[in-house]
Amino acid sequence: MSLEKSQKIVKVLGILSIIGAVASFIVALGMFGLGGVGVANMDSSNSDAVQGAGIVFGLGIVMLVEGVISLMQGIFSLRAAKDASKAQPLWIISIIGVVLAVFSVISSFTSGGQDVLTEIFSLIISCFTFYLANNIKKLGR
Numbered sequence: 001m002s003l004e005k006s007q008k009i010v011k012v013l014g015i016l017s018i019i020g021a022v023a024s025f026i027v028a029l030g031m032f033g034l035g036g037v038g039v040a041n042m043d044s045s046n047s048d049a050v051q052g053a054g055i056v057f058g059l060g061i062v063m064l065v066e067g068v069i070s071l072m073q074g075i076f077s078l079r080a081a082k083d084a085s086k087a088q089p090l091w092i093i094s095i096i097g098v099v100l101a102v103f104s105v106i107s108s109f110t111s112g113g114q115d116v117l118t119e120i121f122s123l124i125i126s127c128f129t130f131y132l133a134n135n136i137k138k139l140g141r
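Taking our numbering, the leading residue of the sequence shown gets 1, the next gets one more, and so forth.
Among the clues, some could well be false.
What the hints assert, rightly or not - Calculated pairs, BS3-like style, for lysine-lysine (alpha carbon to alpha carbon, straight line, at most 25 Å):
hint : residue 1 : residue 2
1    : K86       : K11
2    : K86       : K138
3    : K8        : K86
4    : K5        : K82
5    : K138      : K11
6    : K5        : K138
7    : K137      : K86
Honestly, the hints are just simulated from the structure, not real lab data.
All chains should be modelled from the sequences, with the hints used to inform the complete structure.
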């Protein structure tokens with residue numbers, strides 16, 4: 001694949017990553033708000049409610065971290081799309097994205113497999129971004 005084609009595809013994937021990051025931030029804020037409302041209205045003797053609020057806060061933190069990684073991947077994708085010599089940070093972030101996507105697929109299988117197809121699609125996108133980053137890095141020298 002040519003350098004120009006790789007950069008165009010990385011630019012599109014970067015824009016989509018930024019949009020996904022904004023969605024992750026919104027979901028994380030919603031989970032923090034939901035957990036906060038649950039904590040404010042709960043009876044401290046109900047251990048199930050305390051555990052549920054903790055789970056909601058934990059999922060909010062996971063969504064926040066996922067949003068930060070997606071935002072970084074989007075920003076570095078746009079930088080690599082403009083200048084091929086700046087593909088190294090995208091390469092590193094895309095490796096992290098692939099590792100996190102693999103963990104998401106594994107956790108999806110262990111938790112009942114309801115979102116397996118979504119997680120597999122995310123893994124494919126992360127692997128493709130890594131391939132493009134590697135391609136831009138090699139061809140940009």
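Status of the hints after comparison with the structure:
no., hint, verdict
1, K86 x K11, "13 Å, holds"
2, K86 x K138, "11 Å, holds"
3, K8 x K86, "15 Å, holds"
4, K5 x K82, "12 Å, holds"
5, K138 x K11, "17 Å, holds"
6, K5 x K138, "14 Å, holds"
7, K137 x K86, "8 Å, holds"
Checked against the numbered hints given earlier, this structure breaks none of them.
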